[in-house]
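Colleague: Listed here are the chains, written in short residue letters.
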Amino acid sequence: MMAFLTLLARNRLAAFGAIVLALLLLLVLITPWLPLLDPDVTQPANRLRPPFSPDHLLGTDALGRDILSRLLWGTRISLAVGIAASLVAALVGSLIGIVAGYFGGRTDNLMMRGIDMLMAFPYILLALAIVAVLGPGLMNALYAIAIVNIPFFARNIRGVTVGIAHREFIDAARLSGKGNLRILTSELLPNVLPVIVITMSTTVGWMILETAGLSFLGLGAQPPQADLGSMLGEGRKMMLNAPHVAMLPGLVIFILVMSINLLGDGIRDALDPRLKSGALSRPAPITRIRRQPGHADSQDGPDDNALLTVDELHTDFEVGEQTYRAVNGVSFAIRPNECLGLVGESGSGKSVTALSLLGLVASPPGVITRGRVSLAKRDLLGLSAGQLRKIRGKDVAYVFQDPLSTLHPLIRVGDQLIEAIQLHQPLSKVEARKLAVELLGQVRIPNPAQRADQYPHELSGGMRQRVGIAMALANDPQLIIADEPTTALDVTVQAQILALIQNLRDTQGTAVLFITHDFGVVSQVCDRVAVMYAGRIVEIGSTAEILDTPRHPYTRRLIDCVPRLGEPDNEPAAIPGLPPAANALPEGCAFADRCDLVEPACRRGDIELIATDADRRVRCIKPLGIADPTTQGVTT
Amino acid sequence: MKPPLLEIRGLTRTFGGGRRWFGPDRPGVQAVQGIDMDVARGDTLGIVGESGCGKSTLARMLVGLDTPTAGTIHYRGEDLQNLRRLDRHALSRRIQYVFQDPLSSLNPRKRIREILAAPLRHLRGLEDRELDTRLGELMEVVNLRPEFISRYPHEFSGGQAQRIGIARALAAEPEVLVLDEPVSALDVSIQAQVLKLLRRLKDEFDLTYLFISHDLSVVETISDRIAVMYFGRVIEQAPSRQLFRSPAHPYTRLLLGSAPIPGGPPIQAESGDAELPDPLAPPPGCAFAPRCPRARDDCRESVPPLAPLADRHDQLAACRYPVEGPWRRRATQAVAEGRE
Chain A
1 MMAFLTLLAR
11 NRLAAFGAIV
21 LALLLLLVLI
31 TPWLPLLDPD
41 VTQPANRLRP
51 PFSPDHLLGT
61 DALGRDILSR
71 LLWGTRISLA
81 VGIAASLVAA
91 LVGSLIGIVA
101 GYFGGRTDNL
111 MMRGIDMLMA
121 FPYILLALAI
131 VAVLGPGLMN
141 ALYAIAIVNI
151 PFFARNIRGV
161 TVGIAHREFI
171 DAARLSGKGN
181 LRILTSELLP
191 NVLPVIVITM
201 STTVGWMILE
211 TAGLSFLGLG
221 AQPPQADLGS
231 MLGEGRKMML
241 NAPHVAMLPG
251 LVIFILVMSI
261 NLLGDGIRDA
271 LDPRLKSGAL
281 SRPAPITRIR
291 RQPGHADSQD
301 GPDDNALLTV
311 DELHTDFEVG
321 EQTYRAVNGV
331 SFAIRPNECL
341 GLVGESGSGK
351 SVTALSLLGL
361 VASPPGVITR
371 GRVSLAKRDL
381 LGLSAGQLRK
391 IRGKDVAYVF
401 QDPLSTLHPL
411 IRVGDQLIEA
421 IQLHQPLSKV
431 EARKLAVELL
441 GQVRIPNPAQ
451 RADQYPHELS
461 GGMRQRVGIA
471 MALANDPQLI
481 IADEPTTALD
491 VTVQAQILAL
501 IQNLRDTQGT
511 AVLFITHDFG
521 VVSQVCDRVA
531 VMYAGRIVEI
541 GSTAEILDTP
551 RHPYTRRLID
561 CVPRLGEPDN
571 EPAAIPGLPP
581 AANALPEGCA
591 FADRCDLVEP
601 ACRRGDIELI
611 ATDADRRVRC
621 IKPLGIADPT
631 TQGVTT
Chain B
1 MKPPLLEIRG
11 LTRTFGGGRR
21 WFGPDRPGVQ
31 AVQGIDMDVA
41 RGDTLGIVGE
51 SGCGKSTLAR
61 MLVGLDTPTA
71 GTIHYRGEDL
81 QNLRRLDRHA
91 LSRRIQYVFQ
101 DPLSSLNPRK
111 RIREILAAPL
121 RHLRGLEDRE
131 LDTRLGELME
141 VVNLRPEFIS
151 RYPHEFSGGQ
161 AQRIGIARAL
171 AAEPEVLVLD
181 EPVSALDVSI
191 QAQVLKLLRR
201 LKDEFDLTYL
211 FISHDLSVVE
221 TISDRIAVMY
231 FGRVIEQAPS
241 RQLFRSPAHP
251 YTRLLLGSAP
261 IPGGPPIQAE
271 SGDAELPDPL
281 APPPGCAFAP
291 RCPRARDDCR
301 ESVPPLAPLA
311 DRHDQLAACR
321 YPVEGPWRRR
331 ATQAVAEGRE
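These protein sequences, in sequence, are chains A and B. Just so we're aligned: the first sequence equals residues 1 to 636 in the working numbering. Just so we're aligned: the second sequence equals residues 1 to 340 in the working numbering.
If you're looking for bench data, these hints aren't it; they were derived computationally from the structure.
Listed below are the simulated DMTMM-like cross-link pairs for lysine to aspartate or glutamate, each with C-alpha atoms no more than 25 Å apart in a straight line:
1) B:K110 - A:D269
2) B:K196 - A:D596
3) B:K202 - A:D560
4) B:K196 - A:D569
Chain B on its own, in the form it takes in the complex (with noise of 0.2 Å):
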């Protein structure tokens, strides 16, 4: 197995405390809870979960936009933190971010030319001509035309703005893109040519991927490996594949029986609640067992940790009772109603 160039240990992010005043965040809530995770070099890991489950704080804590509370993120051996602390700029050149609404992210009243030369004159120290000669060839890398670049963000459409997102990360040259829901904002049509265009940078710039997506069907389609959160905990970690073909945790069997398929077989619904537990009170033992259909006493109790499976070792759940076999959607199983 390759060396690992991200190692996560125990990455915790609590918000509040009252000292916080604006964000949406609430006090003293533990966003992240003691994150483990390996990522290696020329891996697409993808990150899988629900609204409020700590994958885009997760994101902003790799790229250093946000703190960890505790717990380290080690890239390629060094102290991410360190690294801030030395060189502000460090940590930008080496991992990028690519956010999810690329008109928000794009100031209004700049053109394309000053927000691209940006990291390039401020992370890589180009200027004049060197500068011009590497905003064309970003231009070219994205697909767009060359003469787009003295335009201002909003004569674009939402896939061309993404393109000059992805365009503003790479002119760091990092060697990790973290892409934050990079194609939720976008149409259907629109979202396979900026996949694809993810997919070609890839391999032409040997880059490594934290993919952060709610939409399972996008995330498998790009990741290696994936990871699927839940209130801000790992609970389950695989290669991509092996997570598809036999999912452990519950939760994860959820969220596949969930996602409608065209001309697939009928989705199920919970009959429950479908709530997360109160992030000010949460419960003490495995934040899912309130919906999951095999909790039984002791997953209230504790916490379940993440480990690999008996017969699976590439495979991690955070789940006490995981469930065996292959999973296939029961075309038999109707939609879970009807029991008035």
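Okay, chain A solo, but in the shape it has when bound (with noise of 0.2 Å):
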């Protein structure tokens, strides 16, 4: 709730609204304290006084009745029928869309179909049409303008609930032994009130704007009494030559109606979670660079025929008050046609790695505070988003791991991939168009010429990922970044997936950096891997020697927690605890409070990757079988 209120502060224009409907509504409130001329009584002597004139601070209307007064009255009618009317609406609204939106099927059929009838006859005809059945009169009035309002919130709420309904939590309710009505009520409504409140505030402004029409009509509140849209309605016959009588109360629907309208959006802001997760702010085209100058000197690498080198690299995010090290220190390099593996649990930086390499990593909040990645000797975090651009999908291309989301679905997907190409390569549409389907053939997907004209929906989960690899592959990148290409795949589709990847790189001389938690999946494609804990990398080798002979704990551990297919009696080892979190790593080694041979020194100072073996390095005080590697023991 605090945080609530501290985002709604935040927002000028929201605390603006808010702060001049608590003014009004503060002033309405002690209407009736206030010396005050009785709003009703006439005075026909003292008719059409102009403002400022003495005992009228407003001047009076035709018939010689204090307009202050008559304007405060009005204000404190009109917005109690707007707020009434919207509690009406909101109520029979939403319980008429939760309803329906639950149930589905017939009900919500025969519901909604009501609701649309009465969407089909323009609003304020209909509300004639009620106020017309009804008779003319403020609580008339208000019913006509509650309906009028209630398919709104129908169908808004129907769209949330329908959303929730199929969720697993509703399904657990149920078999948690609760009824319809319970679920309805505890399960349900917590999650759709968020939405009721939003779609109230910013529907108050609007249903008073209504009331005053229809009072400006004379079907709303009856003279002798006073609203805002009555008042407006009378001053109208004598716009010329007392103008004040009809200003005076237009003034004030507008700033009542701006006030609320303000507060509303504010309000919708504050507790719409899209736009809490920042939604709203764009992010730049390249992530925010903040390198201090004097680290991105050293410029000899440790490898001089890599293709990609990666030194020290940092990245952050920033969110509010809090910095998580997403990425804290990596550095790597991959040759040419070589297979590098990220391993790593989710949270260990190892996509973010993968994004900083070309300032994928959105900004705000991403920022990348050290570090250099250079290809080909070309430092890729100095240039600008310009140059950047040249690159990614060039020389480095990605492939994602859920290619429905990395697809625009509206889009054909021989056209994507004609885009892609075009984009880097000066070729006509006709050329592109063949170089398309010969990038399909090439990934192996049946009927390339005519898969081409299809959209993602119309294929599977494996061709999706397959044209999201003929993408990848359109420019002849010199590497490719595949973050978890096979994880969404089901086995056989993934053994397919995994051979077309090998295929590619024998044939094309692709390097790629292969992003994965399954060390299965690595000891089929990488010829070396890291395995990352905390943002760092921690292990670093061949693949064969590491899976065989693990330096790390870590590494040895998260081997063993893996169950081996053909070994039922080998009963996977789990891992104690859980990963630091990223804004609160400790001082020393990350993984020293799951590791069971932790000592003090492990919590002292910066732990560096030191190397062990030929090309291989550990970020450990005390790497695993280094005196005697027969056994597993450990000695410095």
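Got two chains here, separate frames each, mind docking them using the hints?
Modeller: In structure tokens form, the structure reads like this:
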């Protein structure tokens, strides 16, 4: 609740609206105790006094009634009617929406068709018709406005409810023995409530306007009772000789509705989880880079033949006061035609590392604070957005985990490929299409020419991932970064995709950075592997050697906790505890708290990656099996 | 042999016919087709299959979240649909469910106390002191600190949330737990913790498990028997060790051969299309025939029944030409590529 209020207060316009509305509310609440003249007493002798006349601060109307008094009493009534109408509409509309959305099927059909019928009439006409049937009067106007707005709530809330009613926690509640009524009130309603509040806050202003409209037409408040609409209606007749009579209620309506709408928008922005997570802040085209000078001068990489060298890369996420250190000094190199695996659990920083290479981490909140990324001796982090864009998809291409979310759903896969080709190659549309079909054939999609004209949803998951790979291959990249490319696929399809990647390396000579959590996959495709934990590489070396004799306790335990097919007696050993939070990394070894070989020295200072064997480095002060490789004893 | 606790006969679930408006199911799709299966008390039956094979639909029918179109499920001789009709809660007291995604199966706006108290209150009729005592016990049983009970789901990691999911299922004191991919959403180091917990709970509470997963190695470590599903049918069923020693159905062999093992031999990849048949127009014969290297003409004409193998009585396979002999991944067989 406090967080909500601070968020709201930070929004200047909403805060302004809130203050104006609060003042107005205060004013109308204390109206009965203010020293005002009676709003309904006529004084024909004093008619049409201009503002600032003695006894009448805002003048009088055609019947000599005090305008200030009528305005305050009128605002009171308009506000009360508007709020009451939106409460009624919200209550009835949300009820219809929730019931229709939850039960679905015939119930939904029946209720929503009824709502559609209501919506088929222009709303002011419908309101007029309702008032015509019920007879003019403030209460009847209130009902008319409420009824007219029910469909708005019903449709909004139904949409949200349908989304929630199919979530697993609703099934879980049913299995816990809850009946429909209990599920509706105790499981669904708390999740729908914010949406109801948002919808209400954005419609109150509108309802006040509609009430004023009905009163203006003489169907709402009846004389001598004053509300803003009827005052406006009465003033209209003498617009020319006494403009203040109509202008003052008009001004109040404007201020009232404006303040409510500003506040309503603020409430929506503060409550909507999508907006809260930064959907409105547009990320920059490249990740913000804030490197201190002096760090970027280590020109001589460890490997001169390397295609890609990453040196001491640091990527932080700055959210509010907190700094999450996602990537915390990662260094590695990939040689041409090599496949390097980047292995780790979720939150270990492997994906952020991959995205940082071409500045693809969303900024805000991502910031690259240190390090160098060199592709063929060129520092990628020093390039401008335009230069970097020429490299993205050309020299370095990405393949992501879920091709359904990376392919555009409304564009044929062939056209998406053509777009990727034409962005980097000066080819005509016809030539590009020919190349696109060739690429689809290259990733072993049957009937490539026909498939090119299909949309992503018409392809199976495996086929979509093949399209993703074809797109990565479009411009003969030197390096493909594959981020969990087979995690979402079935094993038989995974086998095919892995075979495809292997085949491409053989025929095209492409280098691959392969990110995964699965040691089985790593041992199939990777020459070397880097194991990540808490944003750092804890061990790097050749795949066979690391699988055979892991040197870091984390690597060993990570391998041991995976059940191995064909060895049912070999019960996987769990790693106790959880990885440290990225905003509170401990000093020393981040794995110390979960390690069974920990000693005080592990928690002191910065632990370096040390070379143990040829081409093998470990971030541990007492690497496993160094003194005697045949046993897994620990010696220094 | 122990008498079966669950007897499933001819279980079928058809989705659609045009009436269904929501959900991922296409009209007229047979998600589960005529499944026969027995589950003995105290056993763990593993159900393996790839996406779209109907394993989740089967699981949902067992706990009453879905209703079969045809066929029966008997629990200790009682018809499950009858049981549901007589008392809405009767089924939930006997069979419970653990969801795949631990976080989305917990209501984000409820504290753990309220989530765990629901089954205790509605299914077991506990109140006040008894309820509190039992809540404490449940938290202890799944190794969660007692103070966690007043937190909200988003404050938990995946592994912890799954423990809460398991505790909620246990709260109903069921005899059978249906576990639908309970560790798939978890990191490997956490998977092992949860598997260990599940093993302990089974002994402690004398539970029967139906363990559904796409991960063969996980199923192997926990199951006594395994049923392999393909395109809505069980195509092979055998005691776990026997299945891995000598799988008879070509699809089972393909599955085993596709799973990468750390440091293991290279995996096999099919050269052709690895796609399922169109569920709206299923082939008349064996659904695997289009992908099967051993398929002959009669495979494509009628569906082979799930029958015991001639030489292995414990092992059932729905195949006319089952593969003989022990299975070993051939280290010499290179990844089936390079035939450009």
